[in-house]
Amino acid sequence: MAEQAGASILHGLVAAGVVFVLLRLWPGDSPGLRLRFQLLALAFPALLTPALWFLAPWRQGDDFRDLWAIFSSHRLGQLRLLGHGLDSWFGVVLALAGSALLLRDLGPFLLELLGKPNRADPGGAQLLNALPAVSAGVEHPRIAWVEGEGPLLLTVGLWRPRIVASRALLDCLAPEELGAALAHEMAHVTRRDPLLGAGLMGLRLLLFFNPAVQVVARAAVQEMECRADDVAVSATGSPEPLLRGLRTGFREGEGRRVTARGWPGLDGLGRQLDRFRVKAIEARCQRLMGVRDAPPQGGLRLGLTAAALAALLFFVV
Amino acid sequence: MARAVLQIVGVVSLAGLVLSGLEAVPGAVLGLPRGVSLAASLGEAERRLDTKLTPPPGWSGSFGWPPREIRYSLRPVRAVALRMEPREGAVNLTLYRSQGTVIPDRLRPPGRVFHSLEVWVKGRPALLTTLTLADNQVWQDLEWTEGAGRTAIRFQGPTVQLLGLAEALREAEP
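One line per chain: the protein sequences are F and H, in this order.
Counting in the working numbering, the first sequence runs from 1275 upward without gaps.
Counting in the working numbering, the second sequence runs from 70 upward without gaps.
So that you can see chain F by itself, here it is in the shape it has in the complex (with noise of 0.2 angstroms):
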């Protein structure tokens, strides 16, 4: 077993820093495929991995190692040291990071899909008249009301996403930023990404030892908030009224977010917490200022860029 999980890092750390190093020579793609590529990054610790193991288990022999394999870690357990092979402490190391990682997020996960009401009100109404025109013919979504909270708006609900604001959010926002924010909830939920962010935390669980599926994972949930967010910047016709939403929101939420709260003995967690969400809106909003041309043919390249990985990790055990 032990041996199955050090493949899927192994596997999963090079897959994920090629498609990395990939994303960043191509920094124009659309979120929509930086996200296929980040699932492609995924799929091969996920899929692939196993699929080695049960169609060519000759790879785990020595011949194969010995004449075939560009790496094999049985090499690094040579070096050793306390007894143990440097393949094994590698693979504990990096198992401890891959769960403090999941840890890092779990927590916030739970909260937002457990800690949010499930009541349709009727005053959300009076948030739909915000919807830009671009959301026309599109079914409106459930929309949830809170009360007694701060700036708060977003998508919840894997079978049929809602949407979950507060009433502070409309002090907060002007009429423009607010219709912006709210096409940027819709495009979640047209796109049902609560049930992909779901589908992506299980599969964090499930290789909750893996770091490389941990980061890619957060990685692609970033990028369906970008992705949104060009929905919405296409729905208003201009990236400012997000872009102010979107400062005004977190600016106006900082110290009511559940992160931020305190949780007993872990303020100094919690801060840190909040420390990866400012970077990651300062990250969205830096990317809708600037505009970059992207490379054709994305598909072509997702397909090759899967064939070129599968073929080398094939020889990486």
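Treat the hints as calculated values from the structure; they're not laboratory data.
Treat the hints with care, as some may be off.
Distance windows between CB atoms, simulated [to be verified]:
#, chain 1, residue 1, chain 2, residue 2, range
1, H, Gly-112, F, Thr-1464, 56 to 62 angstroms
2, H, Val-98, F, Gln-1571, 40 to 46 angstroms
3, F, Ala-1554, H, Gly-79, 27 to 33 angstroms
4, H, Phe-183, F, Val-1295, 53 to 59 angstroms
5, H, Gly-112, F, Leu-1356, 27 to 33 angstroms
6, H, Thr-123, F, Leu-1299, 38 to 44 angstroms
7, F, Met-1275, H, Asp-204, 40 to 46 angstroms
8, H, Gly-90, F, Pro-1324, 24 to 30 angstroms
9, H, Gly-100, F, Gly-1473, 46 to 52 angstroms
All C-beta atoms in this analysis are idealised placements derived from N, C-alpha and C, irrespective of residue type, glycine included.
With chain F fixed as given, assemble chain H onto it according to the hints.
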């Protein structure tokens, strides 16, 4: 598009190169050429070589068991190098056993040969070679064929003692 293809090929090739480089690190640190592995235990070596490794008969006065270091290679033939643990007064010795007719050079590094001559060990022909290795030390190799396999001893002590160790070993061989 051609540029994107080149980028994909380049990045994946670079990843392969990095992995190859990483794989070479343990070999460089431990002085192991590619294809030669260091076994962490007798059990691991036996499992990899699919053979039982027993203490050389008649050597218990000079060398301890298990060996100080076990190296093995699986290609072109399965072979093992047992660097013995010298007891007080004994000198360095490595015992090589190959399941083929040769002992791979990467397992037994070749040196500059002074001379070699045929000798007899318990009525069977063997080759005695004197050579210097990369460490500039003088060593003696004594090797012979036994059935389908080949055995060699690389030793730094006197020739008489080397022949005696070989005879003790040969007495136990079928």
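Results of checking the hints against the structure:
The hint said 56 to 62 angstroms for the Cβ distance between Gly-112/H and Thr-1464/F, and at roughly 60 angstroms that hint holds. Taken as a hint, the range 40 to 46 angstroms holds for the pair Val-98/H and Gln-1571/F, whose Cβ atoms sit roughly 44 angstroms apart. A hinted range of 27 to 33 angstroms holds for the C-beta pair Ala-1554/F and Gly-79/H, which are about 30 angstroms apart. A hinted range of 53 to 59 angstroms for the beta carbons of Phe-183/H and Val-1295/F is consistent with their spacing of about 54 angstroms.
Judged by the Cβ atoms, the range 27 to 33 angstroms given for Gly-112/H and Leu-1356/F is violated: they are separated by roughly 19 angstroms. Here the CB-CB span from Thr-123/H to Leu-1299/F is close to 58 angstroms, at odds with the stated 38 to 44 angstroms. Distance hint for Met-1275/F and Asp-204/H: a CB-CB separation of about 43 angstroms, consistent with the stated range 40 to 46 angstroms. Look at Gly-90/H against Pro-1324/F: about 27 angstroms separates their beta carbons, and that is inside 24 to 30 angstroms.
Between Gly-100/H and Gly-1473/F the beta carbon distance is about 49 angstroms. The supplied range of 46 to 52 angstroms therefore holds.
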